[in-house]
Amino acid sequence: MRVPFSWLRSYCDPGRPAQHVADRLTMAGDKLERLHRVGVGDVAAFVTGRVVDAERHPDADRLSVCKVDVGRGEPQTIVCGAPNVSAGQTVAVALPGAVMPDGSTLGEAKLRGVVSSGMILAEDEVGIGEDHLGIMVLDGDVPVGAPLAEHLPIADEVLELEVTPNRPDLMGVYGVARDLHAVTAAPLAEDPTEADAEPRGADSADEHISIEIDPEICLRFTARVFEDVKIGPSPLWLKQRLTAAGQRPISNVVDITNYVMLNTAQPLHAFDLDEVRGGGIVVRRAADGERMVTLDGTERAFTSEMALVCDAEGPSGIAGIMGGQVSEVSDKTTRVLMEAATWVGPNIMRTSKALGLRSEASARFEKQLHPEQAIRAQRLAARLMVDLCEARMVPSAVDMYPRPLAPRSVELRPERMAKLLGTVVPADEVHGILDRLGFEPRDDDGRVSVTVPPWRDSDVQREADLIEEVAHVYGLDKLPTTLPARRAAVGRLTPNQRLHRRVEDLLRDRGLGECIAYSFTSPRALERLRIADQPALRLENPLSEEQSVMRPLLLPGLLDAAHHNAAHGRPALALFESAHVYRPSGPLDRAGTGSPGGATPALERHHLAVLQTQALPGGWRSEPRPADFFSSRALVEAVLEAADIAWRPESAGQPFLHPGRAASVVAAADERDIGWVGELHPSVAAEWDLVGPVAGFEIDMDAVAELSEGAERVYSDVTSFPAVLQDIAVVVADETPAAAVLAAVRGGGGPLLAGVELFDVYRGEQVGEGEKSLALRLEFRARDRTLTDEEVASLRSAIEAGLAEIGGRLRG
Amino acid sequence: MADLAQLRTEAEAAVGAAGSAAELEELRVRYLGRKSELTQALRSIGELRPDERGPVGKQANEVRRALEGLLERRTAELDASELDQRLTEDHVDVTLPGDPPVPVGHLHLVSQIRRRMEDIFVGLGFSVVEGPEIEYEYYNFTALNHPPEHPARLPQDTFYLAEQVLLRTHTSPMQVRAMELKEPPIYIVVPGRVYRPDTPDATHVPMFHQLEGLAIDEDLTLADLQGTLLAFARQMFGEHTDVRLRPGYFPFTEPSVEVDVSCFRCGGTGYEGSERCPTCKGEGWIEILGSGMVDPNVLDYVVGSGYDKERVQGFAWGMGIERIAMLVYQVPDLRMLFDNDLRLLEQFGAGP
Ligand SMILES: [Zn+2]
Numbered sequence: 004m005r006v007p008f009s010w011l012r013s014y015c016d017p018g019r020p021a022q023h024v025a026d027r028l029t030m031a032g033d034k035l036e037r038l039h040r041v042g043v044g045d046v047a048a049f050v051t052g053r054v055v056d057a058e059r060h061p062d063a064d065r066l067s068v069c070k071v072d073v074g075r076g077e078p079q080t081i082v083c084g085a086p087n088v089s090a091g092q093t094v095a096v097a098l099p100g101a102v103m104p105d106g107s108t109l110g111e112a113k114l115r116g117v118v119s120s121g122m123i124l125a126e127d128e129v130g131i132g133e134d135h136l137g138i139m140v141l142d143g144d145v146p147v148g149a150p151l152a153e154h155l156p157i158a159d160e161v162l163e164l165e166v167t168p169n170r171p172d173l174m175g176v177y178g179v180a181r182d183l184h185a186v187t188a189a190p191l192a193e194d195p196t197e198a199d200a201e202p203r204g205a206d207s208a209d210e211h212i213s214i215e216i217d218p219e220i221c222l223r224f225t226a227r228v229f230e231d232v233k234i235g236p237s238p239l240w241l242k243q244r245l246t247a248a249g250q251r252p253i254s255n256v257v258d259i260t261n262y263v264m265l266n267t268a269q270p271l272h273a274f275d276l277d278e279v280r281g282g283g284i285v286v287r288r289a290a291d292g293e294r295m296v297t298l299d300g301t302e303r304a305f306t307s308e309m310a311l312v313c314d315a316e317g318p319s320g321i322a323g324i325m326g327g328q329v330s331e332v333s334d335k336t337t338r339v340l341m342e343a344a345t346w347v348g349p350n351i352m353r354t355s356k357a358l359g360l361r362s363e364a365s366a367r368f369e370k371q372l373h374p375e376q377a378i379r380a381q382r383l384a385a386r387l388m389v390d391l392c393e394a395r396m397v398p399s400a401v402d403m404y405p406r407p408l409a410p411r412s413v414e415l416r417p418e419r420m421a422k423l424l425g426t427v428v429p430a431d432e433v434h435g436i437l438d439r440l441g442f443e444p445r446d447d448d449g450r451v452s453v454t455v456p457p458w459r460d461s462d463v464q465r466e467a468d469l470i471e472e473v474a475h476v477y478g479l480d481k482l483p484t485t486l487p488a489r490r491a492a493v494g495r496l497t498p499n500q501r502l503h504r505r506v507e508d509l510l511r512d513r514g515l516g517e518c519i520a521y522s523f524t525s526p527r528a529l530e531r532l533r534i535a536d537q538p539a540l541r542l543e544n545p546l547s548e549e550q551s552v553m554r555p556l557l558l559p560g561l562l563d564a565a566h567h568n569a570a571h572g573r574p575a576l577a578l579f580e581s582a583h584v585y586r587p588s589g590p591l592d593r594a595g596t597g598s599p600g601g602a603t604p605a606l607e608r609h610h611l612a613v614l615q616t617q618a619l620p621g622g623w624r625s626e627p628r629p630a631d632f633f634s635s636r637a638l639v640e641a642v643l644e645a646a647d648i649a650w651r652p653e654s655a656g657q658p659f660l661h662p663g664r665a666a667s668v669v670a671a672a673d674e675r676d677i678g679w680v681g682e683l684h685p686s687v688a689a690e691w692d693l694v695g696p697v698a699g700f701e702i703d704m705d706a707v708a709e710l711s712e713g714a715e716r717v718y719s720d721v722t723s724f725p726a727v728l729q730d731i732a733v734v735v736a737d738e739t740p741a742a743a744v745l746a747a748v749r750g751g752g753g754p755l756l757a758g759v760e761l762f763d764v765y766r767g768e769q770v771g772e773g774e775k776s777l778a779l780r781l782e783f784r785a786r787d788r789t790l791t792d793e794e795v796a797s798l799r800s801a802i803e804a805g806l807a808e809i810g811g812r813l814r815g
Numbered sequence: 075m076a077d078l079a080q081l082r083t084e085a086e087a088a089v090g091a092a093g094s095a096a097e098l099e100e101l102r103v104r105y106l107g108r109k110s111e112l113t114q115a116l117r118s119i120g121e122l123r124p125d126e127r128g129p130v131g132k133q134a135n136e137v138r139r140a141l142e143g144l145l146e147r148r149t150a151e152l153d154a155s156e157l158d159q160r161l162t163e164d165h166v167d168v169t170l171p172g173d174p175p176v177p178v179g180h181l182h183l184v185s186q187i188r189r190r191m192e193d194i195f196v197g198l199g200f201s202v203v204e205g206p207e208i209e210y211e212y213y214n215f216t217a218l219n220h221p222p223e224h225p226a227r228l229p230q231d232t233f234y235l236a237e238q239v240l241l242r243t244h245t246s247p248m249q250v251r252a253m254e255l256k257e258p259p260i261y262i263v264v265p266g267r268v269y270r271p272d273t274p275d276a277t278h279v280p281m282f283h284q285l286e287g288l289a290i291d292e293d294l295t296l297a298d299l300q301g302t303l304l305a306f307a308r309q310m311f312g313e314h315t316d317v318r319l320r321p322g323y324f325p326f327t328e329p330s331v332e333v334d335v336s337c338f339r340c341g342g343t344g345y346e347g348s349e350r351c352p353t354c355k356g357e358g359w360i361e362i363l364g365s366g367m368v369d370p371n372v373l374d375y376v377v378g379s380g381y382d383k384e385r386v387q388g389f390a391w392g393m394g395i396e397r398i399a400m401l402v403y404q405v406p407d408l409r410m411l412f413d414n415d416l417r418l419l420e421q422f423g424a425g426p
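These protein sequence lines are chains C and H, in that order. Quick note: the first sequence uses the working numbering, first residue 4, plus one each step. Quick note: the second sequence uses the working numbering, first residue 75, plus one each step.
Keep in mind the hints are simulated off the structure, nothing from the lab. Ideal Cβ positions, reconstructed from N, Cα and C, are used throughout, including at glycine. One or more hints might be untrue.
[Said to hold, decoys possible] Computed cross-link-like contacts, BS3-like style, restricted to lysine-lysine with a CA-CA straight-line distance of at most 25 Å: (1) C:422 <-> H:355; (2) C:34 <-> H:383; (3) C:70 <-> C:113; (4) C:422 <-> H:256; (5) C:335 <-> C:233.
[Unchecked claim] Computed list of chain H residues with no C-beta within reach of chain C, every gap over 10 Å: (6) 83; (7) 84; (8) 104; (9) 157; (10) 289; (11) 382.
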């Protein structure tokens, strides 16, 4: 909302500069976006002058050489190109050195051989309007040589305010003035919508026009009729106000409708009454598919949700949004029907969004205006129609207002306000603030009963709303700063959140970089991962196909990140992400409107995933280690050990994994499959332009958290009796898994075998063809005694026997 | 026996001047060996007169012990200096990097900021809770006092998956979920991802992160909100930070306030030297969050869990984590945060 400062000050002038006023308004909730300067620079070089003499330029037909008295001795010689200049006119003059609105400085200029000392001004040259056809001719009684700024608004400032959706009243200059009055207590001029014009004649409006409305879409429709209207340009003051506020001046009648809207927030529409076909207006819903050409020259189609203003032959405007080309006011208009209506805000908003058509009018109507504002706006418009267009106002108005609203009354409890704000606002302050805002507070047995003015009706309906009004104007800067007097609450992270931090830190400290990728992915990415057949959740209104599916796993985001970094010179990397993934958990749609009772619409799980193309970077004397199954497995081991979970790998494939170098991660406690670890299928990696082994894992952290719960440990004695360490080498068939060897060793060693660690795998000459040797370190320990050599020997025999059962033997 | 004294003087000088273990060995043989003068002297003691044997023997033994001690010390000294010399020759280029490398990774900048915020609010007595990102319209809008016709519900402003099912547009739905689960008092913060169908540009991305706060108790005031956010701002932005409340508008708070912090770049002056501060654009204040007293209509939706609007009251706020990234870390373009470009992410260190 652009608020010209001079206009604002004409209603409320705290006597302070624009920036100060804007700061006060900002702190009251009318936030300044920008402060603009409009019009000329320094006003000193602009004066009034009288044309003493105007002669045609000897060498140019279209130029006049004028002598202009600017009250400074000899008249100035000024060359002027305007066709309407003539001797005797009082005019606006820019003297050499003047700074024009575009920032240029006026110098002395030689025009076809004649030196021109200054410029006779047209309105566009001082930013008042757009007219450049002729110079401005001032009233003859304006003194010569006076500062021009005293007679014309040639320099102004404009406050561009951000208006919140709850304050339609601030979409009008007078509404802003009222807020300024409330915060500064500077006097407020009378509401310009109070006084009405004098009707003339013995007829009445309803003899000229009939109105029919649908009360579901139109809360009020007022119409006034004006005759003998003289269409012409608006006066300069009006043009300046419109121009500064960002509206193009058009003609007096159209300008009046815009001016009243900018002043009161109530939009109006002027019809050429002679063009209203059938002499009547009907407000109705559109028929589905009905069409009309709007004022902007576009043909638009409507649905039955939308409200139209029609005459006997069809639509003439989209209610509350934009008029049509039929019955538009033109130069030939002499009879005007002035409409001021009240529409249903949400309906206007839906229509405006659906048509992609926003206007100054719809921006106001969608915030829900009060029906009282319509008739108020008619009063100001009527006075201007009579004053500026010399129109005759036909007595009475047609006023369709089927369900009049009673003024709203809201109760305010001072103790409630103090309890909410944490400070006591003195009672007289409360009254003063409400009164200045246009509310009517009355003391009512310790409570304050407050009547809400119509222009605040949509926003202030409850006690809390009144408290907000008082707090905003009283000054939030006057609030004390306190901390809650806490009773029983202690802040903490949950065990789950601490677990997330632990595993994220663990990966970070092993050199991995955390990524955050979009939660959406593309159907194409799921195809490339060969899981397009698995259920996934689609957005109804995605921004693009690339971001149209909620990702069912984290892997695609990490692949995208790896691709991006590889393309920017970083092919060797190790990344992780810790975030939600999404799958359907049944039909999404929901019928009821009450609380879902804590249910969630979809299956959302917190996953942790790693992608690495490198296990360890190389140094100046060490080779880099590429990623492979084991480098990723080592990370899973670390993560699950940090979570205190026992697990085992099971060979089960995902379609995107290497068939021989990947495994499922299975929790030992309940056999649950909690993820995968391994190398990506080379063809899948190639889809992301990644060459060489790409390995990783993805596990369900919600499952990990559940499994990790309650894992409590107690002390186990390790100091009283020494352990016996022995290394063994076990030869088994190549295809025997290491896990089977370890299980056999553990089975043989029994409880006295405190630990087994695999530290080497050997294939080669020293073992047979198709065999391998696993080197194991055994730790024997008893809690209550030192083991004897005999005991250890017998344990070894038992282990040897166990190994024999899986075809293994001890070597050496 | 003047020759023994002279021998000692001579030997001590020789040992002192010796520069290597070999020389010392040579001197040991010369002065203490079987054929040395001293050994000869001790052997020939028997040839002396009985009254001379004692004093001469004593003196010879003294000289022997002194020379032995001296030789031992010199040997140790020479060993040490030879070791030093050997070690000095065995030097490495200490300016070479460590090897093999032990890389330290990094947390994403958004995670770093999120953790800092969480930790500050945990310190202020708030618990951290998280919630679903695919959400019911009820929790995202209805129970947060957005009327059915509120424009934020339109598909232009909200991603939908089905009738009444959407991607949460803010972390606020967790306010309602948390209150349904727990009766007052409640003090929580809610970090997490939120979504809006904004066409991406430098300051808009369709997914970003917020941190929501909610405190409901019997007597929380707007002044308490100010104090809580001041305590947060001072830990987050520096101990000299001030906060300022400005009137605002949100459907689910009343009164609503916007919270500004004094600019941490220019110290609230609006200028860096004679240049207008680029962070606060010369205003001295930066808007960081929206907040207010929880609207009574919101409490009505959870009255069944003990939130009687006449008995309990409180405040709520929501702030953007990426906005802090832009303000504090001067990241110029939000889109860069989700490209996961290591050249950007590694700039911010390992993280807390
Ligand atoms: Zn600054």
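Here's how the hints hold up against the structure:
no.	hint	result
1	C:422 <-> H:355	37 Å, violated
2	C:34 <-> H:383	30 Å, violated
3	C:70 <-> C:113	15 Å, holds
4	C:422 <-> H:256	24 Å, holds
5	C:335 <-> C:233	9 Å, holds
6	83	56 Å, holds
7	84	54 Å, holds
8	104	50 Å, holds
9	157	26 Å, holds
10	289	6 Å, violated
11	382	14 Å, holds
In summary, the numbered hints that this structure violates are 1, 2, 10.
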